[in-house]
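There are 2 protein chains.
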Amino acid sequence: MKPWEKNIRKVVPYVPGEQPNKKDMVKLNTNENPYPPAPGVEKVLKDMDSDTLRLYPDPTIKLLVDELAHFYHLNSDQVFVGVGSDDVLAVAFLTFFNSPSPVLFPDITYSFYPVWCDLYRIPYEVQALDENFCIVKEDYNKPNGGIVIANPNAPTALYADLSVIEDIIAHNKDVIVILDEAYIDFGGASALPLIEKYDNLLVVQTFSKSRSMAGMRIGYAMGNPELIKAMNDVKYSINSYTMNRTAILAGAEAVRDVTYFNDNIQRIIKTRTWTEEALTDLGFSFPKSSANFLFATHNKIPAKVIFQALRERDIYVRYFNAPRIDNYLRITIGTEEDMRKLVEFLKGFIENYK
Amino acid sequence: MKPWEKNIRKVVPYVPGEQPNKKDMVKLNTNENPYPPAPGVEKVLKDMDSDTLRLYPDPTIKLLVDELAHFYHLNSDQVFVGVGSDDVLAVAFLTFFNSPSPVLFPDITYSFYPVWCDLYRIPYEVQALDENFCIVKEDYNKPNGGIVIANPNAPTALYADLSVIEDIIAHNKDVIVILDEAYIDFGGASALPLIEKYDNLLVVQTFSKSRSMAGMRIGYAMGNPELIKAMNDVKYSINSYTMNRTAILAGAEAVRDVTYFNDNIQRIIKTRTWTEEALTDLGFSFPKSSANFLFATHNKIPAKVIFQALRERDIYVRYFNAPRIDNYLRITIGTEEDMRKLVEFLKGFIENYK
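Chains as they are written, first to last, in numbering that gives the first Met the number 0: chain G, 0 to 353; chain L, 0 to 353.
So that you can see chain G by itself, here it is in the shape it has in the complex:
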């Protein structure tokens, strides 16, 4: 070992999900939106004065923050914007989780939570979901250094009723509770109104799913101004200028087009319903989805076998080789055509499976 190696931060290298890029593939593996962003986004990029790129962007990201505040009926000092919700969550972990007591989150949830804890040396303790993948709210009534919950959860797609969420927040007023609502627009009610009642609640959302902009990297957090200021203080201490000019302009434009946003979501929900029925007919079952994906298991064929078979046909879904969920596939809701291709292939495959 070279002497300088001993001071390198040890992390378990997180392996990002596969991003295949084949012609005619059906890409249902990373919960992207199958439809393009709002039409105004293309126009904004085409009309952009590229000369302005020589100048630093606005460090306060005012244009986009104001547009989000307007959309959600908040004040601008209640909104924080970052480079995707991963950036927002990472900043929130670094800002709020500095207790010697462990941070709590479910055993089955977004796989980044333990990664951020390990990176920033935050102690944590996972709480088991019940046998139906539901949160056991009583498990969060114990001393802790903070709580993070994804609702709807990933990769289960299950939405926990707001009463369950509020019960957890109400029992944990001494710590920050982060609610990761990446998928909230596809079903369920947001906990956003609760930020007026609980000053320790931070609600995090993203442009990557319901706004079709995973490629632009925009996420945001909403909470009381004191929380938002604390996050901005940390952000300004890492990198004052995180959002580039294209992301700020395109993001603001996307928020303005409310009709497109709602239509896009309804279209995906409709395709989700169709897919649920078709897959049920083929012997699949899944927790009720409130997201843009299904978490499906088959009554005969192991998930891993189906995953491999799909992959060979350039149909990409996500498989997690992890305890309790290793017989499930996470299948993003794509276009109607994507889902027809998936169902047709699975029909043939299941019929011929011995």
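Treat each hint with caution, since some may be false.
A pair counts as met if it fits within one copy or between any two copies, since identical chains are not told apart.
Said to hold, decoys possible - Cross-link-like lysine to aspartate or glutamate pairs, in silico, EDC-like; alpha carbons within 16 Å at most:
#1 Lys172 with Glu4
#2 Lys1 with Asp198
#3 Lys196 with Glu225
#4 Lys346 with Asp262
Because the hints were derived from the structure by calculation, they are not lab data.
These numbers come from a predicted model, not from an experiment.
Chain G is already provided as a structure; the job is to place chain L on it using the hints.
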């Protein structure tokens, strides 16, 4: 104090430099390039298929990494890309500076170094520059947890000869030495060739200055593959997808246009020479600049007075109210017209100053 406040990370809120946005202002305060990015950048944005924004970008940023590797005659595994050199440096600090011994850097240098140390709880110890703002290389021959040096330095614009830099690296083979070369393209020789000789050297550069793309947020680091892998491991543990699709495409296009890059730099160097002569005639002096700015002090009028007078005329330069440098102005080299306006105003102001 609310109970949850005690776990919020305490940082001295870094205040980003002012970003005025007035018509007809002369903006010489944040070392931006006065000329637009390479013409191909505009074309890339106009031609971009906005439908692709629904998909996550390539987490490995291969297109841009490969283009930089090609430009610098490196292998791709020797290049790390991030959201501006601030992001790259912050990741480097978090990755490499994990020793109980203090990190060393000059007392007068880029103001973000102590901010990152405070944020990540890295001990540090500043080493005084000599009375001419030069590095005293012997000060770095002592036990430490790593070294970071800006060359050319900011805000002095002074370039330290490569022999000085190499001497420091050679005396510190047990720790990582980070060389922040944000301004290297405007003068002086890069330490890049030394990465083949010293596996503990990381060279950091940016698109914000010589490539006219501060608004796009692109920075990069070059070093041995083990260092680059360690940084990518940490990056993937924070946010796998940091660079959005527009930044990757536009960045790669900018690197390809070598002629534009060189012409842009030569134009700024020419204007710098003109400005140096004009300001000298007015009673200013400055360390020899190898950057796209001057660090100027006047033989009669206090810097703060000049700063305020310029500001009232919508000519923005940077003033640091800090020990040893509080009688200096950092003046970015703008267009020839910008500098003529500056000089004309100063001429009148100085003539009438009592």
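Verification of the hints:
1. Lys172 with Glu4: between (42 Å within a copy, 11 Å between copies)
2. Lys1 with Asp198: Between copies, since 9 Å is at most 16 Å while 48 Å is not.
3. Lys196 with Glu225: For Lys196 and Glu225, only the intra-copy Cα distance (14 Å) is at most 16 Å; the inter-copy one is 49 Å.
4. Lys346 with Asp262: neither (30 Å within a copy, 62 Å between copies)
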